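If you're matching them up, the sequences are chains H and Y in order. Residues 1 to 276, numbered by the numbering used here, are exactly what the first sequence covers, in order. Residues 1 to 336, numbered by the numbering used here, are exactly what the second sequence covers, in order.
It is possible that part of the hints are untrue.
Label-pair ranges, simulated between beta-carbon atoms [as the list claims (entries may be wrong)]: (1) Y/265 with H/264: 51 to 59 Å; (2) Y/32 with H/263: 51 to 59 Å; (3) Y/56 with H/201: 49 to 57 Å; (4) Y/278 with H/197: 36 to 44 Å; (5) H/231 with Y/32: 27 to 35 Å; (6) H/9 with Y/32: 46 to 54 Å; (7) Y/165 with H/89: 32 to 40 Å; (8) Y/278 with H/101: 52 to 60 Å.
Keeping only pairs whose Cα atoms sit at most 20 Å apart, straight-line, the calculated EDC-like set for lysine to aspartate or glutamate is [unchecked claim]: (9) Y/34 with H/63; (10) H/268 with H/253; (11) Y/248 with Y/199; (12) H/20 with H/186; (13) H/140 with Y/186; (14) H/20 with H/221; (15) Y/54 with Y/19; (16) H/141 with Y/33; (17) H/170 with Y/41; (18) H/140 with Y/32.
Counterexamples of contact, computed for chain H against chain Y with all Cβ distances above 10 Å [claimed, not checked]: (19) 50; (20) 66; (21) 242.
Since the hints were made in silico from the structure, they are not lab data. Keep in mind that this is a model prediction, so the values were computed, not measured. Cβ coordinates follow ideal geometry from the N, Cα and C atoms, glycine included.
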Amino acid sequence: MALSEKRIQELKQIAKGIRKDIIDITGWAGGAHIGGGMSMVDIMVLLYWELAKVDPKNPDWEDRDRVILSKGHAGVGYAPVLARKGYFQFELLKNFNKFMSPFGMHLDGCKVKGVDVSTGSLGHGLPIGVGLALGARLQKKPWITYCILGDGECNEGSVWEAAMAASHFKLTNLISFVDRNRLMIDGGTEEVMALEPFADKWRAFGFHVIECDGHDFAALDNAIGQARAHTAGPCLIMANTVKGKGVDFMEGDVKWHYGGLSTDLVAKAKESVDRM
Amino acid sequence: MSEGLTWTVYDANTMTQAEIYGEVLCKLGELDDKIVGLSADLANSTKIGKFGKKFPDRFFNVGIAEQNLFGVASGLAKSGLTPFVSTMAVFTAMRAAEQVRTDICYQNLNVKIIATHAGASFGQAGTTHHCTEDLAIMRSFANMTVIVPADGIEMALCVRECVERPGPVYIRIGRGFEPTYYEDEDYGFKIGKAVTIKDGTDITLICCGITVLQAAEAAKILEENDGLSVRVLNMHTIKPLDEIAVMKAVLETRRIVTFEEHNILGGLGSAVAEVIAKSGKGCAFETVGIPDCFCVVGYPEDLYTHYGLDTDGVVSKVRDVMKIEFEEDEDWEDEV
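Model the full structure from these sequences, guided by the hints.
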């Protein structure tokens, strides 16, 4: 069922809140991967507030859907999602990156409730997702595995090893996203190591690819609906996004892949999000 | 879990370590439907294919893609299953080292790795397929258990025991043409506990894998020809190391030679040396292994001879170590 306009407005407000949380955490932490954290917010909000079957009160519930943040550096964007869903207190994130904190910039599933897979090194999430999806099928478990990849991450060969396997094993219970924000550390994805024709590469690997605006809840919801209905093999949602989305002085600027925010910049960044 | 599992029926002289592993895994698979198998286009070479034939739904061949192999194993373990993964040691410890470390060890997952063709056992294949570095790499990964079984009987025992041991386990074997040492399984195998093959008071030989048989023969020669009382320890578990057995060897024999099919850096020899150094006790010490070089090409038996990884090599090294002079202080407390 399509999202109502009212629900879309609610999700937008939640996403604004998460974006402000990311700004706060980046300020507290002394620096974080804020650009890629901001670009994936709407995907994560839709997953956690609308689609994924999870229970924050019972984080190890056997039949929960699995979520893998393969672009693990965006932990600064994942942690507030989990906190606001009730996995742990948001205040704990004041300790992000600090000595002995459970919250390093790449979240550790052994330490942070709600994190199914510890990620950080790129190119690891999709292979693990293939394993989770195979495990679910073998054990006749109903869960869906969602995997969120970065676009730059797709330079890694292991992504394509896993893509080949997902297609070979016809994993219809694995839904992947690419947060297509078009920037990596050293520049644009097409300058550093060209990915295009990117969607066609995934198609050639046997994926059903759905391209959409990664900041449009209705479009994302529709894409995920199509992915769930597809029964011939794995699906990938190519979510076109903007790195640093919501903060005018960060949007599309490669230097905000990773950065810190002074008190003044925190205020400016939040004002920008308010204007969204 | 272990009920009904005995392997004395196996003719260890005609079945290779890998074949026994394949058989054992099939038996374990009958008892535990959580066990799944994975390989990367080496199902037949590693013998995990026996499991695959018996349980086709529970076996996944991911093709020639070792990074994906260990990532998929991690995901399967996270879904509640117990994956056994088999490929060559060189591709496990190096091609997919980061997946083994980050996807499996860091998350302390229940993945059992059977790495084959280790050391110089596939000597004729050349350096690309030799693996004389894996023990150094694997024992540096937190949470990992590292085992080098002496032969097929010990392989069967450690595969059985590793199922009941939570967390990642790395079991290292050769290509499968190695002679056997044990005749039956009743010798008290336990992960993390050295097996005293023979007691002695003059010097201790600490060995693992194929060198167990060679060390036992060397001890006989040294006893008969040199009148030496040689202790032989089968240190099948490299991590966690049986430090007590090493300390006893330091205190009771004061001379130790390690013997392994691995680079002399980072493997069994290094693990033993760490314990000796920590002890603060005087102990003459030498390592027998592949020197710090890439192995030359050749059939394994020729390589073992070339590098002194045989009875003659270890006998000669023991004689050298017996000549080392150092002041033996009867009051060990003074030396700490």
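Which of the numbered hints above does this structure break? 3, 4, 8, 12, 13, 14 and 20
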